[in-house]
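Student: Chain B: place on chain A using the hints.
Number of protein chains: 2
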Amino acid sequence: MSETSSDWQKTTIDSAQAAAHPETAQAVARIKALRQTIDNIDSAAIALLAERFKTTSQVGVLKANAGFAPEDTKREDYQIERLHRIAIDAGLDPEIAEMYREFVVTEAKKRHQRIADAGGDPGVLDVFA
Amino acid sequence: MSETSSDWQKTTIDSAQAAAHPETAQAVARIKALRQTIDNIDSAAIALLAERFKTTSQVGVLKANAGFAPEDTKREDYQIERLHRIAIDAGLDPEIAEMYREFVVTEAKKRHQRIADAGGDPGVLDVFA
Chain A
0 MSETSSDWQK TTIDSAQAAA HPETAQAVAR IKALRQTIDN IDSAAIALLA ERFKTTSQVG
60 VLKANAGFAP EDTKREDYQI ERLHRIAIDA GLDPEIAEMY REFVVTEAKK RHQRIADAGG
120 DPGVLDVFA
Chain B
0 MSETSSDWQK TTIDSAQAAA HPETAQAVAR IKALRQTIDN IDSAAIALLA ERFKTTSQVG
60 VLKANAGFAP EDTKREDYQI ERLHRIAIDA GLDPEIAEMY REFVVTEAKK RHQRIADAGG
120 DPGVLDVFA
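Read top to bottom, the protein sequences are chains A and B.
For the first sequence, numbering that gives the first Met the number 0 begins at 0 and goes up steadily by one.
For the second sequence, numbering that gives the first Met the number 0 begins at 0 and goes up steadily by one.
Be careful, since some hints might not be right.
Remember, identical chains collapse to one label, so a pair may be satisfied in a single copy or spanning two.
[Unchecked claim] Calculated lysine-lysine pairs in the DSS-like style (CA-CA distance at most 30 Å, straight line):
(1) LYS108 x LYS31
(2) LYS108 x LYS73
(3) LYS73 x LYS109
(4) LYS31 x LYS109
(5) LYS73 x LYS31
(6) LYS31 x LYS53
These are calculated hints, taken from the structure and not from any lab test.
If we strip away everything but chain A, and leave its shape as in the complex, we get:
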């Protein structure tokens, strides 16, 4: 690592800086390419999250109308075990999979409660109206 490395500690990676430090220009180009991959993954992830919350919203309406509680611990235990297994298969730290599960399940339950409080009306979640 060069003596100039500390200059970089709080800087944004851009092409002007890369030109001033030719030795890092290659790393900058490679990071830029990887970031495009990350952005594409995020686009797909957002599309999946949109479909997931549309689906859990339907579950929320059915639960509210049938009088079921938002929480279902047996279902959650199943999801914990399943996502742990899938994460290992995919080469993902299972801790990350559990954080994902906790995030989506917590938010879905909050929305189920809002639907129940609104007497089974999923329109309560429509933030785009």
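Tutor: Just chain B, lined up with the frame of chain A:
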């Protein structure tokens, strides 16, 4: 809602209970089908997260070797604006998209720091060794 609805407040949805309450059997069947969709979405999401963390791990190695800091606020501002826009297009509450971003970026930065502390060795993240 029937007077028996309170029986359901803390119960798990299963077919035995559905048989005892025929009026809710249809809702249970519909929830079961929706849960399969949710599980399929989660499988895809875990695969994407696995690829995302593999990619950010590569970024972490490049940053550590070049002496770049794990944090890049300009990049984060870009991601915040972009994911907000994509979420609205997809019909997802932008608040959920921001929670997703915060989760993955926070975890990626922690892992970048671990790689930097290990002198650029991504093996430090290998929880499967």
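Student: Could you figure out if LYS31 and LYS109 sit no more than 30 Å apart (CA to CA) within one copy, between two copies, both or neither?
Tutor: For LYS31 and LYS109, the Cα distance is within 30 Å only across copies (20 Å; inside one copy 37 Å).
Student: What label fits LYS73 with LYS31 when the C-alpha limit is 30 Å: within, between, both, or neither?
Tutor: between (44 Å within a copy, 13 Å between copies)
Student: Quick one: LYS73 to LYS109, C-alpha cut-off 30 Å, is that within a copy, between copies, both, or neither?
Tutor: Within one copy only: 18 Å inside, 32 Å across.
Student: When no copy is specified for LYS108 and LYS73, does a C-alpha distance of 30 Å or less occur within a copy, between copies, both, or neither?
Tutor: within (14 Å within a copy, 34 Å between copies)
Student: Between the shortest in-copy and the shortest cross-copy C-alpha distance, which are at most 30 Å for LYS108 and LYS31: within, between, both, or neither?
Tutor: between (38 Å within a copy, 17 Å between copies)
Student: Cα distance capped at 30 Å. Does LYS31 pair with LYS53 within a copy, between copies, both, or neither?
Tutor: between (33 Å within a copy, 15 Å between copies)
Violation of the numbered hints given earlier is absent; every hint is satisfied by the structure.
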